[in-house]
Each structure stands twice: as C-alpha cells, then as structure tokens.
Amino acid sequence: MSAKYGNIGHVLLIDVVRVSEAVTRTSARLGKVGHLAELLGRVGADEAEIAISYLSGELPQRQVGVGWRTLQDPPPAKLAATATLTHVDALLSKIKAVSGQGSQAARKALVTELFAGLTSQEQAFMLRLLSGELRQGALDGVMIEAIAKASGAPSADVRRALTLRGWLPAVGAAALTGGVAALHAFKLEVGRAVSPMLAGSAPNVAAALEKAGTPAALEWKLDGVRVQAHRSGDQVRVFTRTLDDITAQVPELVEAVLGLASDDLVLDGEVIALRPDGRPHPFQVTASRVTTKTGAPRLREDTPLSVFFFDALRVDGADLLDLPYAQRQEVLAQTVMPGLLTPRLITGEVPEAEQYFIDVIKAGHEGLVVKSLTSPYAAGRRGAGWIKVKPRHTLDLVVLAAEWGHGRREGKLSNLHLGARDPESGGFVMLGKTFKGLTDELLAWQTERFLELAEGSTDEWTVSLRPELVVEIAFDGVQRSPRYPGGMALRFARVLRYRPDKRAADADTVETVRSLML
DNA sequence: TTCCGACAGTGGGGTCGCAAT
DNA sequence: ATTGCGACCCCACTATCGGAA
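Under the numbering used here, the residue at position 329 of the first sequence is numbered 329, and the numbers go up by one with no gaps.
Some hints here could point you the wrong way.
[What the hints assert, rightly or not] Straight-line Cα separation of at most 27 angstroms, DSSO-like style, residue types lysine-lysine; simulated pairs:
#	residue 1	residue 2
1	211	436
2	433	390
3	412	390
4	96	78
5	211	390
6	412	433
7	108	149
8	211	362
9	149	94
10	436	390
11	108	78
12	293	94
13	412	436
14	390	362
Keep in mind the hints are simulated off the structure, nothing from the lab.
Please build the complete structure, drawing on both the sequences and the hints.
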C-alpha cells in the first residue's frame, strides 16, 4: 500500500494540516477516524511515521527543546505551501541536535528557518504541535482505529502491538506496509520499554472490589515513581511510565535487579524514598532523587531509594503478559525476594479490605490498588483490571481570584485561586488553584457570579474577586510549597460544590491546613 | 432504547538541567 | 547566583461518542 506511488517525499505538510483541521471540525469519532485513515492510505513508507506522529499530537523526536517561549514572534509566513513532511522532520531533528549542544541562539535560528518556510496555516499547526497542544480531538486512541482502518488489520492487533512496542508511529508504519502479519511480528523485547498498564479509580474500597470482582488482590499504593526494569545478562535498563530511561538515576534498583537469580527479566514496580523508620518521604523527595543526575553518591546516602515490584512481564525468556494476574504473581514471588515485593492482601471480604485500607494509610502510604486476579497485563486501557483507591480530604476555602479558560472553556472563568482564612491578619492565604470538578452548568454559573464579585485584574488572564464565595474543595494532601506565601499547597485539589450557606468568615483556617501537613 | 467504557481536553504543584542574565 | 524555559514526575475530573446490553 505504501509503495503505491513509488516516490519519496510526496506528501506535503499542508496535506497533514488540512486533515488535522478536518478532524478538528468533525465531532464524531468515526468521522475523525475516516479523515485520518484516508491520509494514511496515501502516505509513503518514509512518511508514515511522521504523519502518524504529527496527527496524534507528538513528534517523532519526542522533544526538541522548543516550547511556547521559543515560538513567540514567528517570522513572516510564506504564501505557497511547499514544505514536505520529510523536510520538516529533518529540520526538527536538526533543532533537537542543536538543543542537545547548547546555544539557544542557534536553536532559535533553526526554528526561524523552519517557520519562515511555512504558510500561516502551517505555522499555526506547527505551533500547536510543538507546544503539545494540538487539540484536534484525536490522540493515540483515535489513531489506533485509523491505522486499523487504513491497514485492514483489527484494532485489537494494533493495540497489542503498541503495548509491546511502546511507540504508535512505528506500529502504524508496520501495519500500513505489512498488515496483520507485521503487527504479529512485534514481540516483547528486553531492553525496549513496554507501554505500562494503568489503573482506573474508585471512591472507596467496596466500589473498587465490585469493579475488580472478588476475591481481588489489594496492593499497597506507594507514592513514588513507576518503574519498568529490564535485565538481559548483566545489562539493566529502567524506564518511567512515559518510557523515559532513568537507569542512571536509580543505582539501587539496578543493583537489586542484578541481585536476582534470573538474568532475563522485565519487571513492573515503584521506587520510593523511605525514611529510616520505613515511613515514606513526601513525594517531592522521591521525585528529586529520580531526576537528579549529578552528585548521586551523597544523595544516595542521605535519601536511599527502595524498590517494590508488583508485576512480572517476562522471566527467564517466558513472556507472561497474557497470563492472568494470579499466575504472574506466582512467577514474581519465585523470582524476587519477599523484601522487594509490594505488600498485598487477597480477599473478597469488604470489611477486611476496608481495615487493610485503614492500615496502609496509617503506615503513611497513599492507598491501595485493587487488582482482578484474572486480568492479563493490558497496557494503555485504564480501568479494566486495576482500580486505585485513595482517601479524600476536604476543606471549605474562599475563592480569591479566577482565570479565563482556554479551548472549550474560552469565555468562561475557569481556574480558581483558593485561599484559607488567616484569623491573625484577617485576610486569606492562597493555597493553590483548581479547575477540576466543574460541570458546564457550574462553569457558566461561576463566571456570572465572579463578574459580580470582580474587583480588578492582576493580569491579562486573572480577575481578582472580593473574597466572599466559599467552595468545598477535595484534595489528596497538603505539601510544602516554595511558591505560595503560606509555604503550603494542596495536592490534586478539585471542586466538590459551592457553599452558598457559608460566609468567608466560616471558611477553614491556615492553622487547620497546617495541621494536615505532616 | 438506555447504559456504560474509553477517550480527549483542561489544566494543577514540584523538581531538575541548562543557558542566559 | 538567579531567573526563565523545557521536560517530566505525580495527577482528577467532565463531556462525548458509540458499542454493549
């Protein structure tokens, strides 16, 4: 199919841009799939990866070191759209190479060169693509269907290949040239990251058990960083959830894996910094350890990382992804010493499960992941076999300001600035922002109400309000903040409901918030 | 015909590395 | 030394579509 035209570089960027615009205009998913599949049916082999990549909102280069700031004031646009897909891709590779060597001036010059060769229509597309905000209503999920349609392969086969390969453009290009047979050729490869299985969520343990089916496994949810560890012989590589390589930052994990008897492994788990008493450090401490590259020795002494595995995808050359959870666990338990296993309990009894939840929270951890004993390791799809449960805190806070929204929230005041009451000063202390939990109806209501309370603008996007409106906020915890004046910020704040029955004087105080930060 | 699973969008706080100031 | 940008850790929630029931 790809060799239909037998030439190279015949697809123009403008072709891709036009399809993207058609996808944006079409609300029906099947319609979007149709537009995408039509283009995929006429791209050359060398262009398939680029087209699939762009039309699912990412770059083949992953990141090129160019963001919104570098993209301000682009050069004048061309009138004729002549840029080919392969030309644009080559320029982006050059930009990435230069970014790796320093010199922002050289990078800026190349970005200018790229944009000077584009029409304003193409510039607008590239701007959104490079800033990661394509917003055409199609990402991997829709693209999988489009690849299936264009190649004639079942979408389940495309999805399966994506799980094993971890990168959709490569999978799509293979499907377009080699069809189903090419998709079946993708195998789990030690040293190359697999798309990790993700968890859905439930409000409580009972609901999670109902979703997962009973009995189910209740695993501790540790507040660390997800890791996928590969070992082939004495070579170990470690990947994050987004498949970035962090091998160099986690020597403890590398040593732990090298200490295992099997030398052909792919394991799934979590790294976390624990205190000497075994309780977890705040998430920031683990995150800092995992992203710090230099000065590792001292850091390692001060804040060692622990690893806890919870799944085995491959052991001793055997691929385990299709086995039910219970069988993968058996293999894992035989492969890894007990100290490296994520603590868990198997039960179908709600009261026992609820007590276990209370215990894990008491131990300082984040919650539980409830897992079906029968589900295979299915990447990408959230909510199938794994369900996370976390406790929820709430506070009544005062809305101090609001920011104008973007996209479908344009023209609506969307993002709330939240404050706790400070009895000492008689004022309010900002604890963070949230835009989550708002229905369209609530969004419309609050925009109207906020404009009544407006008392000026601090900047172009922000409207400051008379501090009168009380809103009930749910959040996961209070963390130390270098940004906000009170030194505290809410983690994962979201709106539950407005409290018209309460006045600002009834809102929760900074002291209450501080008592939650332990 | 109704229900519900999967997806995309809309942004949140914190941290590091790096280049420029 | 500090600042700003880019990238990436962690992420919750609602609206919508379309297949399942």
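To see whether the hints hold, each was checked on the structure:
Distance hint between residue 211 and residue 436 is fulfilled; the C-alpha atoms sit about 24 angstroms from each other, no more than 27 angstroms. At roughly 21 angstroms between alpha-carbon atoms, residue 433 and residue 390 fall within 27 angstroms of each other, so this suggested pair holds. At roughly 31 angstroms between alpha-carbon atoms, residue 412 and residue 390 are farther apart than 27 angstroms, so this suggested pair is violated. A threshold of 27 angstroms between alpha carbons decides the hint, and for residue 96 with residue 78 the separation of about 24 angstroms falls inside it, so the pair holds.
Under the criterion of a C-alpha separation no larger than 27 angstroms, the hint pairing residue 211 with residue 390 is consistent with the structure, at around 15 angstroms. For a cut-off of 27 angstroms, the pair hint linking residue 412 to residue 433 stands: about 16 angstroms separates their Cα positions. Restraint check for residue 108 and residue 149: the C-alpha separation of about 39 angstroms exceeds 27 angstroms, so the hint is violated. This hinted pair checks out: residue 211 and residue 362 have alpha carbons roughly 25 angstroms apart, not beyond 27 angstroms.
A distance of roughly 33 angstroms separates the Cα atoms of residue 149 and residue 94; the hinted pair therefore is violated under the 27 angstroms criterion. At most 27 angstroms may separate the alpha-carbon atoms for a hinted pair to count; residue 436 and residue 390 meet this at roughly 17 angstroms. Restraint check for residue 108 and residue 78: satisfied, since their Cα atoms lie roughly 18 angstroms apart, inside the 27 angstroms limit. A threshold of 27 angstroms between alpha carbons decides the hint, and for residue 293 with residue 94 the separation of about 25 angstroms falls inside it, so the pair holds.
Only pairs whose Cα atoms come within 27 angstroms are accepted, and residue 412 paired with residue 436 is accepted, the gap being roughly 14 angstroms. Of the pairs offered as hints, the one joining residue 390 and residue 362 holds, with about 12 angstroms between alpha carbons and a cut-off of 27 angstroms not exceeded.
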